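Spelled out, the chains give:
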Amino acid sequence: MTPDQGTTSVRGRIAGPTGVIRLFAAGTADFGSHHAAFGPLPEMDRASLIDELLRSGLDGRGGAGFAAWQKLSSVPADGRHPAIVANGAEGEPLSKKDAALLHNAPHLVIDGLLIAGQSLGARELHLYAGAEQLDPVARALKERGESRIRVHEAPGTFISGEATAVVSAIAGGTPIPRDRTERLTKSGLNGRPTLLHNVETLAHLALISRFGAAWFRSLGTGSAPGTRLVTLSGNAGGPRVYEIPSGMALTDILLSIGIDPHTVQAALVGGYHGTWLAAEQLDAPFSKEGLAPLGARTGAGIIMTLGSGSCGLAATADILGYLARQSARQCGPCTNGLPAIASLVERLAYGDTDGKLPQEIRRLAALVTGRGSCAHPDGTARLASSALMAFGSDVEAHLRGRCEALR
Amino acid sequence: MRMHIDWTRCDGRGLCIELLPELLTRDDWGYPVGRGGSEIAIPQNLESAAHDARALCPTQALSLHG
Amino acid sequence: MNTVFDQALWAVGRGSGVVAMVLLTLSVLLGIGARSGRPVVGIPRFAVTLVHRNVSLFSLIFVVVHVVSLLFDPFAQLRLVDFFVPFLGAFKPFWLGLGTIAFDLLVVVTVTGLLRNRIGPRVFKAVHWLVYAMWPVSLVHAMGNGTNGLQPWFLVIAMLCLAAVGGALAWRLHENFVEYRNVRSQENP
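Chains A, B and C, in that order, are what the protein sequence lines are. Those letters in the first sequence? Residues 1 to 407, by our numbering. Those letters in the second sequence? Residues 1001 to 1066, by our numbering. Those letters in the third sequence? Residues 2001 to 2189, by our numbering.
In short, the hints are calculated from the structure, not lab data. As the structure is a computational prediction, the values presented were derived from the model and not from experiment. Everything hinted at is true.
Computed from the model, here is a short list of chain A residues facing chain B with C-beta under 10 Å:
| id | residue |
| --- | --- |
| 1 | Asp179 |
| 2 | Ala328 |
| 3 | Gln330 |
| 4 | Cys331 |
| 5 | Cys334 |
| 6 | Thr335 |
| 7 | Asn336 |
| 8 | Leu364 |
| 9 | Gly370 |
| 10 | Ser373 |
| 11 | Asp378 |
Computed footprint of chain B on chain C, listed as stretches where at least three residues anywhere in the stretch have a Cβ under 8 Å from a Cβ of chain B:
| id | stretch |
| --- | --- |
| 12 | 2038-2047 |
| 13 | 2114-2128 |
| 14 | 2174-2184 |
The beta-carbon is built from N, C-alpha and C at its ideal position, and this holds for glycine as well.
Excised from the complex, chain A in its bound form (with noise of 0.2 Å):
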């Protein structure tokens, strides 16, 4: 099949990917196996898009995992016209899913983008990204003639990627997060109203306008449809992105991959800002429902192992350290606090055996929770008191003046 610039399709002319490799199911990265994989863009019209997302059942897949199809219908129909972001920073160090994204299939996220914009009526399109993922996207807007999307660097910094502090950036403004009282579908960009999209939940998007809902669902569960990507890191080696279906359990996932999950001591899901679950939880699927009876989340799709002869402590105050020193140094508690959560959770990984520490950990982590522009205090303190618990056993005995990881 040959290239084709045509927007208008039949539905049906080429069948969805059926195997579990979906967003990469054109194999490389060029518009011609893109067509000839996906076949032309879709037309879509606000309500159906709006329709055809609600059925599918498509969530972010940033992290916050807020329903595509509400934040979609949350941009007022009021004749102003929207902005759009792809938002493909990955500040997270242990989430590489958006750069195999953007290197594997940028052309998906490019269709995202259209289709969004088309069904919404944005004159402005936009793509945000880290300085190693522009080339490819660069290339790719070429390979098409596709002049619309306007592409601007991410910094590096964890915080790059927070909402606001996207909407800054592209502004001209510093990458940190802003106050807000409204929501970005309200007024965000330059006041515009602005839907900002996670760069897979784009690529998704993408593939249900072409598809359907049905085709999407028919990989996953009935509450966690469809396939995500996700970054696999820690004691087996990695980082590595997999694309996998929705709500499989982590010990599936973790075979599945080849790892064993009996050399896995405990698991940080969700990123930086996820919660350690210990071996006896991994059981649970790898979704939004799975996940919250234990407190925790799918963030980016994020799966770190921690194996059995490591510390978790010790592992937890060095990322507590690091996201203390990328706090923007906005917002007092945050400033204030995660310094202060990060140097306790040191003192009892590293040799403090002061009893009060772990309530004094959980105090702080409860102070600064909710008490910021952005989420950064909140999921710094998730990390933490989930450490307390997946960790419960090694506390008691670092009270004592031992380790459970160096015995």
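Assemble chains B and C onto chain A, guided by the hints.
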């Protein structure tokens, strides 16, 4: 009515805590702590105190909504 | 022509100037106190802010009385333009010009202070810093322009004002000036 705290502006000067002692205390570093984190629910009898707090906040970190 | 009325104007002009100087000093002290985020001599923080504002407005009233009374004063030979444009005065133009500068600054600082919640904290703060220029200029104006400027009783008042503001400034620049300073890490502005 609820009171929104803009943490990027808040400098923890403590005026709001004096004006709304029923709702706010100070944390370890002097910043206001109340139920709701950044969105403090204001009961009707404290609305005028909340208006004072908004007007007198030295860094204009408070706003009232709904 | 040296009527009782002229004598009275002259007295009001000088007296209101001295009172304005003292009130401005008090206002600066209260402003520095408010900025520290601490209660001042047992007055709660929000009240320090309110008293600072009210003393500032009183000082402006006395400054207005001061300049208006001298507008009608035959000795001072003030014209309306001297309120706003410095160094055009007929009598001691340099020292009068300093008063004009201080007056202009005071008007700008007061207007932005009253509109604080509309113009936003950045503009307010930037303009409010002008007080640190306005206050010394007004003191020098008082000493150089005033008929009693170098008389002992006035010099005592002026030195007390200077000592008070100097002391407050030293406290302002001390690292523990702001409450909780010693337990906080540095925040970006």
